[in-house]
Structure formats: structure tokens, C-alpha cells
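K.L.:
What follows is the residue order along each chain.
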Amino acid sequence: MSKEQVEKKVNRSPIETGCPDAFQYMHPLMRKNYGQWAYHEDPRPGVLKHVAHSGDAIWTIKAGTQRILDVITLNLLCDIGDKYADGYVRFTIRSNIEYMVDQESKVGPLIVELEKNGFVVGGTKNSVAMIAHTQGWLHCDIPGTDAAGVVKAMMDEVIDEFKGWNMPNRVHMTTSCCQINCGGQGDIAINVQYTKPPKINHDLVSNVCERPSVVARCPVAAIRPAMVNGKPSLEVDEKKCICCGACYPPCPPMQINDAEHTKLSVWVGGNHSNARGKPTFQKLVAAGIPNNPPRWPEATAIVKKILRAYRDDAKDWERISDWVERIGWPRFFELTGLPFTKFHINNWKGARNSLNASTHIRF
Amino acid sequence: MADKHITPMLDELENGPWPSFISGIKRLRDQHSDSRVSGVANSLLGQLEHSYETRKGYWKGGTVSVFGYGSGIIPRFSEVGDAFPESREFHTLRVQPPAGNFYTTDMLRQLGKSWEKHGSGLQTFHGQTGNIMFIGASTENTQHFFDEINEYGWDLGGAGPCVRTGMCCVGAARCEQANIDGIKIHRTLLNNFTDDIHRPALPYKFKFKVSGCPNDCVNSIERADFAIIGTWKDDMKVNQDEVKDFVEKKGRKYLIDNVITRCPTNCLSLKDDDTLEVDNRNCVKCMHCLNVMPKALSPGDDKGATILMGGKRTLKVGDLMGTVIVPFMKLDTEEDYEKLTELAEETIDFWAENGLEHERCGEMIERIGLVNFLDGIGLEVDPNMVADPTTSSYVRMDGWDDEAEKWFKDKLQSVEA
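Chains H and D are the protein sequences, given in the same order.
For the first sequence, our numbering puts the final residue at 363, and the numbers step up evenly by one.
For the second sequence, our numbering puts the final residue at 417, and the numbers step up evenly by one.
To be clear, the hints were calculated from the coordinates, so they are not data collected in a lab.
Any given hint might turn out to be false.
Pairs of lysine-lysine residues, derived as DSS-like cross-links and limited to a Cα-Cα distance of at most 27 Å, are as follows [claimed, not checked]:
id, chain 1, residue 1, chain 2, residue 2
1, H, LYS283, D, LYS184
2, H, LYS125, D, LYS250
3, H, LYS278, D, LYS4
4, D, LYS237, H, LYS199
5, H, LYS315, D, LYS271
6, D, LYS316, H, LYS32
7, D, LYS60, H, LYS196
8, H, LYS116, H, LYS32
9, D, LYS237, D, LYS295
10, H, LYS240, D, LYS56
11, D, LYS316, H, LYS239
12, D, LYS249, H, LYS163
13, D, LYS56, H, LYS125
14, H, LYS231, D, LYS271
15, H, LYS315, D, LYS244
16, D, LYS205, H, LYS278
17, H, LYS49, D, LYS316
18, H, LYS196, D, LYS316
19, D, LYS271, D, LYS244
20, D, LYS285, D, LYS237
21, H, LYS32, D, LYS249
22, H, LYS315, D, LYS56
23, D, LYS205, H, LYS125
24, D, LYS117, H, LYS125
25, H, LYS278, D, LYS249
26, D, LYS271, H, LYS32
27, D, LYS316, H, LYS199
28, H, LYS199, D, LYS244
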């Protein structure tokens with residue numbers, strides 16, 4: 001048999017089990033009281049107490065981690081779970097770890113042990129939650145910035161807001177490393193904003209890129225096929241180009257990232273909940289922020305300004321979107337000291353729906 | 001291991017009180033017993049420092065998959081692999097978590113053990129789509145790692161133009177606001193589409209997300225092509241003794257300012273005896289009052305789900321919210337679950353046939369219009385689907401009588417049923 005045939009023979013067919021059964025990994029009290037929970041209380045920041053109709057109670061201790069977990073840290077989290085909790089954990093969608101315990105007396109020692117090992121207990125109720133983040137320079141193929149680094153630098157600065165209940169309501173923050181915005185919507189979002197059209201390596205385009213699909217990918221039809229230096233390539237109408245970077249993933253020779261011109265922007269008011277108002281998308285408030293590793297101080301300074309203004313001016317239970325709706329955008333820019341520019345005015349499809357078609361003005 | 005790379009910029013991220021991922025990668029470099037793992041960690045740190053210095057990424061995609069699948073691996077080849085050879089191939093495996101992200105510490109250890117044997121020893125619980133991300137394996141070892149964990153019950157998630165790994169909140173496992181069995185819905189839907197997860201053949205990605213209540217903790221309206229959100233139809237439950245207790249503890253002014261006046265449809269009123277009056281017919285189940293007073297207020301008994309479709313993020317027409325497609329459906333019996341699965345199948349089939357390349361379901365709805373979409377998946381119009389009726393008269397309406405007749409007939413039928 002040839003080497004190829006030998007390899008083919010040992011190929012193992014996958015067992016297509018798909019999504020595993022969750023109940024085998026669930027705390028016994030949660031299995032027992034599944035669908036039978038009556039209410040919850042918040043005994044202290046980072047701790048939830050859920051009470052079931054049966055009278056059973058379960059305590060949840062939430063801790064922030066570095067999200068990109070090395071296996072040594074993962075084993076440490078497991079050791080803590082075995083020694084101080086009941087051996088059951090879950091992860092929140094913002095990558096916090098949650099330990100569940102069946103007795104109140106286990107809560108204190110678990111918190112002490114987590115904090116002794118550098119983990120941060122908090123992130124519940126009206127706190128600044130862990131920042132949702134993407135992959136960035138560590139692993140993404142198209143990133144304009146890092147993700148884990150930005151998040152680490154920012155969480156260092158807002159750690160007291162994670163650990164406490166100092167905000168009018170919860171604050172969800174997100175980051176994204178390109179304008180596809182995998183990080184999603186947030187009360188405050190820190191996203192990459194490109195400012196220059198892609199730089200094209202015409203020698204590579206015809207070999208690497210499926211040109212018609214790159215042309216189709218452009219949201220503003222600014223890309224067309226062209227012969228450049230005798231080779232089939234693509235060209236960009238730079239007057240039309242909105243520098244979104246959508247062409248870069250299907251065509252890496254159209255380099256959108258740039259050490260100087262890739263900037264950060266800050267958006268506020270994204271809210272996924274239906275509580276009070278309907279869900280909202282985040283809106284641009286600041287751009288042109290330097291992409292400045294390793295600690296991105298300029299972006300963090302703006303985030304902290306917004307958090308301060310929100311903390312001082314919003315009413316209890318108002319998310320950032322509720323707060324801005326009540327006080328209006330002019331007051332938001334006044335309170336945060338951020339400049340309002342022509343770039344804040346929407347020029348996209350349906351833009352006029354976002355303009356003020358009334359005399360409702362706060363003087 | 002080659003000489004340790006010097007990482008002055010990354011070292012800055014070891015300062016400060018929040019746990020540092022850089023310290024974690026260094027632990028793998030300095031403390032891990034396997035020289036392959038420590039070598040990969042050193043190499044990765046070198047490349048990451050290079051990115052920090054030059055402000056650019058150096059990973060390129062490619063084609064890597066395990067035998068039998070076309071999806072589930074995010075291939076990464078280094079563009080600067082000559083300088084950092086040990087992490088030259090650094091692929092991520094996306095592995096489907098159990099619905100609700102539950103683990104025993106034993107299982108986490110077992111997964112960690114398999115991963116340090118074959119991969120980098122770096123993982124994330126979870127990526128933005130909802131997968132466990134095992135970050136960094138060579139092309140050869142992706143197969144070995146998958147074979148090993150697949151034997152004890154773990155399977156790959158989606159990547160590329162396919163049905164993606166789903167997401168659901170903690171739901172009925174630990175939350176009093178859960179109106180549906182999110183864990184069952186998640187697993188039923190996802191495992192109905194296993195083939196579409198492993199073999200990308202759709203116009204683009206398709207995401208299911210399940211939230212137990214309208215707080216929508218998994219952001220399904222904003223991020224899912226198919227959002228299932230728990231709600232209820234009958235009156236919410238009011239424990240008047242707890243309302244009185246709340247007033248006693250927090251004060252009447254607090255209750256008025258933070259509950260009564262915050263109701264978006266003005267359904268609440270505090271009576272003179274400190275009990276609460278609710279106009280349930282006009283309650284939109286926004287959840288605010290239940291969030292503030294979880295002990296006093298609870299969802300009703302006639303529970304079910306609202307289905308919204310077409311949510312997505314920016315690429316390419318701009319962000320879109322999902323819109324209501326099914327205002328309410330029960331999810332109690334196996335027949336109810338079959339109906340839900342059939343709806344998902346109809347939707348994916350119609351979109352697979354009519355969506356353009358790289359067009360999300362929501363973008364297709366935007367392009368062809370909601371009415372054509374409903375027609376395609378066999379559903380009738382409903383006023384709950386719109387924020388407002390059309391404001392434009394530029395619509396051809398010569399089929400009005402037939403449509404009006406249909407409306408009255410449907411209404412009559414639903415009354416009789």
C-alpha cells in the first residue's frame with residue numbers, strides 16, 4: 001500500500017453527537033429544581049442567591065478571569081471548585097466563571113480563595129460587567145488591534161466598578177478588532193475604525209482572491225476589476241470607499257490595517273434587553289482614538305469619562321440608552337466633554353429616520 | 001525551547017489587578033512540563049509582541065478540517081513563521097458546549113488534559129458565537145485532539161457558511177424568569193441541524209439563540225438569525241404581601257419612581273393600601289418591574305415563546321435587529337417542538353434557495369420584503385410583526401378584498417379553535 005492509502009485507512013469517522021446533554025454537568029440542586037425557581041436575592045456584589053419553590057436555595061459566586069485561559073489556570077479554577085465549591089461550574093456569555101454551592105457557609109471561604117489567587121469576584125447587578133471580547137492579534141486573521149490586551153488594560157481601570165454596585169444599572173461593554181464587530185452591541189463599545197482605503201498588492205490579487213465575490217462584498221460598490229501592470233487585479237474608487245475593510249477577509253492582498261491610520265472609536269447605548277424600551281443599537285460618540293498598545297490609555301480615558309457622567313447623572317435602573325433618551329444627545333456631549341462632529345450624523349440608508357424631525361429641543 | 005523572546009510591551013500587561021492573559025501564556029512557557037507546549041507559548045509570545053510593536057496581525061486563514069467534516073476549525077498559519085516557528089500552525093478548534101455552558105470540574109480537567117497533550121494549552125470559555133475555543137494546534141494535531149475528545153462526547157461547532165453553534169441563557173436551570181426550557185430548545189434545534197453545522201453549504205452563517213425571558217441575556221434579537229425568547233400570555237403573578245414588604249423596606253417614593261413610572265405602557269398603579277394594580281392586557285412583558293421586584297412579581301402560567309428572525313451585526317448592509325415572525329407559540333409538548341423545528345427547517349431551506357452568497361437571512365428579508373419572506377416559509381401576516389403599518393401610499397393594493405376576507409376567516413378560525 002502507498003503511504004496515502006495507509007493514511008486513508010486509519011482515518012476515523014467522527015461521531016456526530018453535536019451539542020452534549022447539559023444535565024450531566026449541572027449542579028444537583030439545579031437539576032432537582034429545574035424550572036421551579038421562585039425568586040433571587042443579591043446578598044453582596046458577585047453573589048446571587050436563588051430560591052426554589054421547594055425551599056432549596058443555591059448560591060452563585062461569579063468571578064472574572066483573563067478569558068484566554070492557560071491550562072494551568074484552568075486547573076487552578078478546578079482545584080478551587082473542588083476544595084471550596086461543589087465541583088460544578090458554568091461560564092457566563094461574558095466569560096466569567098460561576099461556582100454554585102448549596103450552603104451559605106461555603107460562600108465566604110470560596111470568595112477568599114478566589115481573590116487570594118487573583119480572580120475578581122463581582123460583575124452582578126448594577127456593576128460594570130466583564131468586557132465581551134474577540135480574538136485580536138492573538139488569533140484573528142484580520143484584526144486591527146488586540147482584544148485581550150485592550151480588555152485587560154481597561155478592566156484594570158474599572159475593576160472597582162466590576163466589584164461594586166456603583167452604577168445606576170448594569171453596564172455591558174464590548175470590544176471589536178475590526179468593523180465586522182464580532183463583539184456585538186454594548187452600553188459602551190470600543191471598536192476599530194479604519195480611516196484609509198485598503199492598500200492593494202496587485203501582484204497577489206489574481207492568485208489569492210476570487211475577484212467577483214470581492215466586488216460583491218463591497219457595501220458601496222467601490223471595487224471593480226482592473227488590469228494593473230498587465231495583471232488582472234482589483235481597483236478601489238477611493239472617493240466612494242468608506243474604509244470598512246469588508247474586502248480584506250476575502251482578499252488579504254487588500255490590506256486595510258495600518259499602524260498609523262487604524263483608529264479606535266467608542267459607541268454607546270446598545271442594549272439587548274426589552275426592559276422598559278425596546279432593544280437599541282449603539283451609537284457613535286467618539287472616534288479618531290489612537291490604537292495605542294500595550295495599554296490604550298486614550299480609549300480608556302474616554303470610557304471612564306462616559307462612565308463617570310452616567311454614574312453621576314443617570315437615575316436608578318436607567319441603562320446608558322435610557323439615560324441618553326431622557327437627557328438628549330446635546331447634554332450627553334456636554335456632560336462627557338466629547339466633541340460632536342459631522343461624522344456623528346448618519347449618512348447611511350434610512351438616515352433621515354435618525355434626524356430630529358420635531359421641535360423637541362432641551363435648552 | 002529556543003531562547004525566550006523578549007516582550008517588553010506584553011510585560012506591561014502583567015501590571016494591574018485584573019488577571020493577565022500574558023502571565024498565563026508565560027506560565028505555559030516557564031512552568032509546563034512538556035517542552036512542546038512551552039516552546040509554542042514562547043513562540044506565540046514572540047509573534048504577539050511583534051504585533052504589538054508593529055500594530056498589525058500576522059495570521060492567515062487557509063483550509064484545515066478533520067476527516068469527514070468541512071467545518072469547525074479556524075485555520076491559522078503564521079506569516080512570520082520563520083521567526084516564530086513553533087507556533088507556525090496555530091489553528092483553533094471550535095467545540096460545542098452543552099446548552100447553558102455547564103461543566104463539572106472533572107470534565108474541564110479532562111478536556112484540559114487532552115488539549116495540553118495535542119494543542120497549545122490555551123482555551124477560552126467561550127468565543128462570541130458560543131463555542132469552546134481551543135486555541136492553537138498544528139494541522140496534524142487538530143485531528144488527534146478531535147479524535148480524542150470526540151470519543152468522550154464532544155463534537156465540533158460551526159464555522160463558515162453553515163448553521164453555527166447555538167447559545168442559551170442559564171434559564172430554567174437557575175432563573176425564576178425562565179418561561180421556556182431553553183436548554184431543551186437549544187439542544188433540540190442544534191442537533192436537528194448537525195449535518196448543516198459540520199458541512200457548510202448555506203449562503204452564510206445562521207445562528208440560533210435562546211433566551212428564557214425578554215431580558216434576552218444572550219442578545220438574541222441583535223445577534224441571531226433565529227431568536228427564541230420566552231414570554232407569557234396571561235396575567236403576571238403579583239404577591240401583594242411582598243409588594244407591601246417592598247414598600248415598607250424601600251419606601252413608596254422608590255416604588256413610584258423606579259417601578260410605576262418606568263412601565264413603558266403605563267400598566268402599573270400603586271393603590272392606597274400599598275398593593276399593586278396591573279393592566280395585564282396592555283403589559284408588553286418588558287420585564288422591568290419583575291427585575292426590580294423579583295420576589296413580588298413573576299411571569300404568568302400560560303408560557304411560551306416569541307420567535308424573531310433576521311438579527312445580525314454590521315457586514316454588509318449595517319446592523320439589523322430581528323423582527324417578530326411568530327408572536328407566540330407554546331413549547332410544551334413534543335408536537336410543539338416539532339412545529340418549532342419545522343419552522344427552522346422551512347426558514348433555512350427558503351433562505352438557502354433564495355439568499356445570495358454571503359447574505360444573512362435578515363439581509364434577504366430586507367431585500368425581498370417581509371411579506372415575500374412570510375409567503376416563502378408559509379406564515380400569515382400579523383400586526384405584532386410591525387411597529388407601524390406602512391406610511392407610504394405607493395403600494396399596489398388591488399387584492400385588498402381577498403386579503404381582508406382571509407383576515408376575518410383566520411380570526412374566526414382561531415376563535416373557534
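K.L.:
Work down the list of hints and note, for each, if the structure agrees.
P.N.:
Consistency of the hints with the structure:
1. H:LYS283 - D:LYS184: Distance ~35 Å between H:LYS283 and D:LYS184 Cα, so the pair is violated.
2. H:LYS125 - D:LYS250: Satisfied, since the Cα-Cα distance of roughly 17 Å is no more than 27 Å.
3. H:LYS278 - D:LYS4: Violated, at about 52 Å.
4. D:LYS237 - H:LYS199: Judged against 27 Å, a Cα distance of about 61 Å means the pair is violated.
5. H:LYS315 - D:LYS271: holds (24 Å)
6. D:LYS316 - H:LYS32: Answer violated: D:LYS316 to H:LYS32 is near 45 Å, above 27 Å.
7. D:LYS60 - H:LYS196: holds (22 Å)
8. H:LYS116 - H:LYS32: Since the Cα atoms of H:LYS116 and H:LYS32 sit roughly 32 Å apart, the hinted pair is violated (cutoff 27 Å).
9. D:LYS237 - D:LYS295: Holds - the C-alpha atoms of D:LYS295 and D:LYS237 are around 10 Å apart, at most 27 Å.
10. H:LYS240 - D:LYS56: Given pair H:LYS240, D:LYS56 holds - Cα atoms ~25 Å apart, limit 27 Å.
11. D:LYS316 - H:LYS239: holds (19 Å)
12. D:LYS249 - H:LYS163: holds (25 Å)
13. D:LYS56 - H:LYS125: violated (37 Å)
14. H:LYS231 - D:LYS271: violated (79 Å)
15. H:LYS315 - D:LYS244: With a Cα-Cα distance of about 23 Å, the restraint between H:LYS315 and D:LYS244 holds, given a limit of 27 Å.
16. D:LYS205 - H:LYS278: holds (25 Å)
17. H:LYS49 - D:LYS316: violated (43 Å)
18. H:LYS196 - D:LYS316: Holds, at about 18 Å.
19. D:LYS271 - D:LYS244: Cα-Cα ~11 Å, so holds.
20. D:LYS285 - D:LYS237: holds (12 Å)
21. H:LYS32 - D:LYS249: violated (32 Å)
22. H:LYS315 - D:LYS56: violated (42 Å)
23. D:LYS205 - H:LYS125: violated (33 Å)
24. D:LYS117 - H:LYS125: violated (39 Å)
25. H:LYS278 - D:LYS249: Measuring from Cα to Cα gives roughly 30 Å; hence the hint is violated.
26. D:LYS271 - H:LYS32: Roughly 38 Å separates the two Cα atoms, so the pair is violated.
27. D:LYS316 - H:LYS199: holds (20 Å)
28. H:LYS199 - D:LYS244: Since the Cα atoms of H:LYS199 and D:LYS244 sit roughly 66 Å apart, the hinted pair is violated (cutoff 27 Å).
The structure is inconsistent with the numbered hints 1, 3, 4, 6, 8, 13, 14, 17, 21, 22, 23, 24, 25, 26, 28, although it conforms to all the rest.
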